[in-house]
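Q: Now for the letters of each chain:
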Amino acid sequence: AQKVTQAQTEISVVEKEDVTLDCVYETRDTTYYLFWYKQPPSGELVFLIRRNSFDEQNEISGRYSWNFQKSTSSFNFTITASQVVDSAVYFCALKGSGNTGKLIFGQGTTLQVKP
Amino acid sequence: GAGVSQTPSNKVTEKGKYVELRCDPISGHTALYWYRQSLGQGPEFLIYFQGTGAADDSGLPNDRFFAVRPEGSVSTLKIQRTERGDSAVYLCASSPTGQLYNEQFFGPGTRLTVL
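From first to last, the protein sequence lines are chains F and R. Those letters in the first sequence? Residues -2 to 112, by my numbering. Those letters in the second sequence? Residues 2 to 116, by my numbering.
No lab work stands behind these hints, which were simulated from the structure alone. Please note that the accuracy of each hint is not assured.
As the list claims (entries may be wrong) - Straight-line alpha carbon distances no greater than 30 angstroms define the calculated DSSO-like cross-link-like pairs of lysine-lysine that follow:
| hint | chain 1 | residue 1 | chain 2 | residue 2 |
| --- | --- | --- | --- | --- |
| 1 | F | K13 | F | K111 |
| 2 | F | K111 | F | K35 |
| 3 | F | K35 | R | K79 |
| 4 | F | K0 | R | K79 |
| 5 | R | K79 | R | K12 |
| 6 | F | K35 | R | K12 |
| 7 | F | K0 | F | K67 |
| 8 | F | K67 | F | K35 |
| 9 | F | K35 | F | K0 |
Stated by the list, open to error - Chain R regions said to be covered by chain F (calculated; three or more residues, Cβ under 8 angstroms):
| hint | stretch |
| --- | --- |
| 10 | 16 to 28 |
| 11 | 76 to 85 |
| 12 | 107 to 115 |
Treat the numbers as computed from the prediction; the structure is a model and nothing was measured. Cβ atoms here follow ideal geometry from the backbone N, Cα and C, with glycine treated the same way.
This is chain R alone, in the form it adopts within the complex (with noise of 0.2 angstroms):
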């Protein structure tokens, strides 16, 4: 079946823009999550969606970053007023449940490059 889908793969933005980063989990997953990827570095968690709520948000920078995901499938990552140090790969990872023993499944993610 098909994996994680991330877009769009890459995105370049100027500063004090916004910008949106969709992210189509893997059919029938209720466990989404965001993490951030800075060149060098591990992925960096940044929030936790089970179903349509964001039960853990406590990763996300500042109030620039939002994450929504309405319908409990789809989920969008909105970064508002962007700024320099935001550019980084952002990935997306889904999992059947959110239960401990389950494995993220990743997808592709998303270049941000912000000038």
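In isolation and in its complexed conformation, chain F is listed as follows (with noise of 0.2 angstroms):
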């Protein structure tokens, strides 16, 4: 079975502040992409990344960075300087190559940054 956890639930923070958004998962799979998506209040998810289980390098853009573990099957991701903007849910996701390339969500953490 295909699973992905996030264990935060909502996360409050300063503007200006760092904050890391955990993601763990669960696949038989060898080959896999993992995801992440940002979905503001508009609602719309947006993609941020995407990462296959064969590149453990880690990725920085702007102010987003992700961490990719297989060793502890996590895929966290960091927001340095936190910006009102950043307010949102994020998610997760899993496509398993054992699967017809659909995407397993976690539940999301919201993130309220504060001014």
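Assemble the dimeric complex from its two separately framed chains, guided by the hints.
A: Dropping the structure here:
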């Protein structure tokens, strides 16, 4: 079975703080992809990043960075110097080679950044 | 270019009625997905189309739910004899192909309320 767990339901930080959103996944597939999506209050899911199971290099994009560790089945997302506009629900998702390309989503983490 | 569009944006219906939800994918995308998102939850997979055919309908909850994509572009999700438990946001996504590495681009969703 495939599963994604985002244990943090809600996180609240003050602007300029760094924040890390946790994601733990389960799969028996050797080839799989992990994704992060952002869902702002408007509701539309926005793609942030994709990572394949063979590439454990961490990635940085501006204030965003991602830490992929196969040893712990984790794919954590860090926002540096958070801003109010980062307030949203963030979803981690898994797509395994054993399925037909559907995304398995976690429950989501609601991030609130206060001014 | 235009993103994924969904109509209507909101649909209110009475228990027992029939509803149709429409999805217009990004032009040229052969893969199309339907998901359902309940309040406070991550999206849950319903059905996946590759071209005109349903490649995976394992997520459809029961036989009241049906979807079509007759010309390989626009898709319609049909719900018969609606129940209050069907109330949710129905999301459509498309990707260039059904390949594992393709990210999915989501539409704004249709909020369905069954009274």
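Q: Indicate, hint by hint, whether the structure satisfies it.
A: Verification of the hints:
In summary, the hint linking K13 (chain F) to K111 (chain F) is supported, as the alpha carbons are separated by about 9 angstroms, within the 30 angstroms threshold. Restraint check for K111 (chain F) and K35 (chain F): the C-alpha separation of about 18 angstroms stays at or below 30 angstroms, so the hint holds. Taking the CA atoms of K35 (chain F) and K79 (chain R), the gap is about 28 angstroms. The hint holds against a cut of 30 angstroms. Note on K0 (chain F) and K79 (chain R): the hinted pairing holds, with a Cα-Cα distance of about 28 angstroms set against a maximum of 30 angstroms.
Taken as a hint, the K79 (chain R) and K12 (chain R) pair is honoured in the structure, with Cα atoms around 13 angstroms apart against an allowance of 30 angstroms. For the proposed pair K35 (chain F) and K12 (chain R), the alpha carbon gap of about 24 angstroms is at most 30 angstroms, so the pair holds. For the suggested pair K0 (chain F) and K67 (chain F), the alpha carbons sit about 15 angstroms apart, so the restraint of at most 30 angstroms is met. Taking the CA atoms of K67 (chain F) and K35 (chain F), the gap is near 23 angstroms; set against the 30 angstroms cutoff, the hint holds.
Between the alpha carbons of K35 (chain F) and K0 (chain F) the distance comes to roughly 19 angstroms, so the proposed pair stays at or under 30 angstroms and holds. Counting residues of the stretch 16 to 28 of chain R whose CB lies closer than 8 angstroms to any CB of chain F gives 0, which falls below the minimum of 3, so the coverage claim is violated. Beta-carbon proximity to chain F at under 8 angstroms applies to 0 residues in the stretch 76 to 85 of chain R; the threshold of 3 is not reached and the given coverage is violated. Restraint check on the stretch 107 to 115 of chain R versus chain F: 4 residues with Cβ-Cβ distances below 8 angstroms, three needed, restraint holds.
Checked against the numbered hints given earlier, the structure breaks hints 10 and 11 and satisfies all the rest.
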